[in-house]
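Line order of the protein sequences matches chains A and B.
FYI, the UniProt record's numbering numbers position 260 of the first sequence as 260, with every residue one higher than the one before it.
FYI, the UniProt record's numbering numbers position 63 of the second sequence as 63, with every residue one higher than the one before it.
Simulated from the structure, these hints should not be mistaken for lab results.
Hints should not be assumed to be uniformly reliable.
Using 25 angstroms as the maximum straight-line C-alpha spacing, the simulated SDA-like pairs for lysine to any residue come out as follows [said to hold, decoys possible]: (1) K151/A <-> T106/A; (2) K94/A <-> E37/B; (3) K157/A <-> I123/A; (4) K94/A <-> G40/B; (5) K95/A <-> G40/B; (6) K94/A <-> A33/B; (7) K94/A <-> A26/B; (8) K95/A <-> I41/B; (9) K95/A <-> L56/B; (10) K95/A <-> N85/A; (11) K94/A <-> A39/B; (12) K95/A <-> I67/A; (13) K160/A <-> T96/A; (14) K95/A <-> R43/B; (15) K72/A <-> G93/A.
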Amino acid sequence: MTDSAMVLAEGDSHFPPGIDSFNFADWFSGLSDTALTHMFTTITFGVWASVAVLIVFFLWAYRKPQIVPSKKQWLAESAYGFIRNTVAIDLMGKKTGVRFAPYLATLFLFILVMNFWAIVPGIQVSPNSHIAFPLMLGVLSWVIYMFIGIKQHGFVKFMKITCVPPGAPWFIYPLLVPIEFLQNIILRPVTLALRLFANMFAGHLILLVFILGGFELLNSGNLLIQGLSVFSFAMGIGMTFFELIVIALQAYVFTLLTGMYIQGSLADEH
Amino acid sequence: MEGTLNVVGYGLAAIGPGIGVALIFAAWITATARQPESAGITRPMLFMGFALVEVLALFGLVLAFALS
Numbered sequence: 001m002t003d004s005a006m007v008l009a010e011g012d013s014h015f016p017p018g019i020d021s022f023n024f025a026d027w028f029s030g031l032s033d034t035a036l037t038h039m040f041t042t043i044t045f046g047v048w049a050s051v052a053v054l055i056v057f058f059l060w061a062y063r064k065p066q067i068v069p070s071k072k073q074w075l076a077e078s079a080y081g082f083i084r085n086t087v088a089i090d091l092m093g094k095k096t097g098v099r100f101a102p103y104l105a106t107l108f109l110f111i112l113v114m115n116f117w118a119i120v121p122g123i124q125v126s127p128n129s130h131i132a133f134p135l136m137l138g139v140l141s142w143v144i145y146m147f148i149g150i151k152q153h154g155f156v157k158f159m160k161i162t163c164v165p166p167g168a169p170w171f172i173y174p175l176l177v178p179i180e181f182l183q184n185i186i187l188r189p190v191t192l193a194l195r196l197f198a199n200m201f202a203g204h205l206i207l208l209v210f211i212l213g214g215f216e217l218l219n220s221g222n223l224l225i226q227g228l229s230v231f232s233f234a235m236g237i238g239m240t241f242f243e244l245i246v247i248a249l250q251a252y253v254f255t256l257l258t259g260m261y262i263q264g265s266l267a268d269e270h
Numbered sequence: 001m002e003g004t005l006n007v008v009g010y011g012l013a014a015i016g017p018g019i020g021v022a023l024i025f026a027a028w029i030t031a032t033a034r035q036p037e038s039a040g041i042t043r044p045m046l047f048m049g050f051a052l053v054e055v056l057a058l059f060g061l062v063l064a065f066a067l068s
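One chain only, chain B, in its complex shape:
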């Protein structure tokens, strides 16, 4: 076996943001299915929430490289 533990660490760090992104999109789909005309209003919020959660996974990726 070779490689670095950082990869395992990044895998663990990606679980939380993965669930978070899924929740955000699920909520948006539910909202849009109930009220299709609200899609335009909630779309900026969708992307902002997505970006705020996604950056957590990317921090993990950057740290996996920075700490090696």
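Isolated chain A (complex conformation):
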């Protein structure tokens, strides 16, 4: 059971939710003092379950591929085809786009399933609301677009393409080059990771505010105020649907930006 679920069961909701709301207890309390502490929590369960769901679903859907696809095969193909056509091929063209489509589609589906834990009843927290997981994905994107750029152009030319925008007057370069370097080499993975992290973090906080707030109103002891908790819970449900939009949008945006960075590394001009 998670921390917040236990807290609710004890009838003691610490109302303004904060950073503490993201600390989850070990599932097996005997492990807390050993080296395996923090190994089995709701967060790690979400990550492993996301990986398992994706692998099992795609193996199962593609076990016997047919020319006229079955329902499950159609679902798998349209999930892959969506990213392949709207992100990879649109950005990079047919030839290179198809080369990168598998990575981009995997990235999209992995983030989508990871984010989806934020609204699954009983879990209701996304592993991506801990900075470590988005940061790892951001660094992975960074390694890929840097590697591809250096392989395509060589180190010096790639740095020139990335950091020196063409067409600017010479006297502005001392100002422009450090900014471009900072933005394109250093800050890209950070902003990628932080965008995903902050969205899931804020989404979890919003849900906590309305749901814990509802319990807080129920515990108030005044009948009129207790009646108001209905609105708080209704907002909680409404925000869950809003979360659904954010979940899909953030997975798409992360994939789109990764695709654009890869395309930028392959392109000849800035």
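Assemble chain B onto chain A, guided by the hints.
Relative to chain A, chain B alone:
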């Protein structure tokens, strides 16, 4: 009165991105109303611009927690 000034700071920090997101969507709606067939072409740009602006507000949110 209790609480922290970070909340006020985050409110101020959200003004700029709020205006920015509004401008982006307004521009997209105008473009789509004038030329409906361009909606598919401009939609990735819409989401990318939206994401780039929205992250500024989210930086504020993260800093409001990190600096407390």
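Results of checking the hints against the structure:
no., hint, verdict
1, K151/A <-> T106/A, "holds (23 angstroms)"
2, K94/A <-> E37/B, "holds (22 angstroms)"
3, K157/A <-> I123/A, "violated (48 angstroms)"
4, K94/A <-> G40/B, "holds (18 angstroms)"
5, K95/A <-> G40/B, "holds (22 angstroms)"
6, K94/A <-> A33/B, "violated (30 angstroms)"
7, K94/A <-> A26/B, "violated (32 angstroms)"
8, K95/A <-> I41/B, "holds (20 angstroms)"
9, K95/A <-> L56/B, "violated (35 angstroms)"
10, K95/A <-> N85/A, "holds (12 angstroms)"
11, K94/A <-> A39/B, "holds (22 angstroms)"
12, K95/A <-> I67/A, "holds (24 angstroms)"
13, K160/A <-> T96/A, "holds (23 angstroms)"
14, K95/A <-> R43/B, "holds (23 angstroms)"
15, K72/A <-> G93/A, "violated (28 angstroms)"
Violated hints, in rising order: 3, 6, 7, 9 and 15; the structure is consistent with all others.
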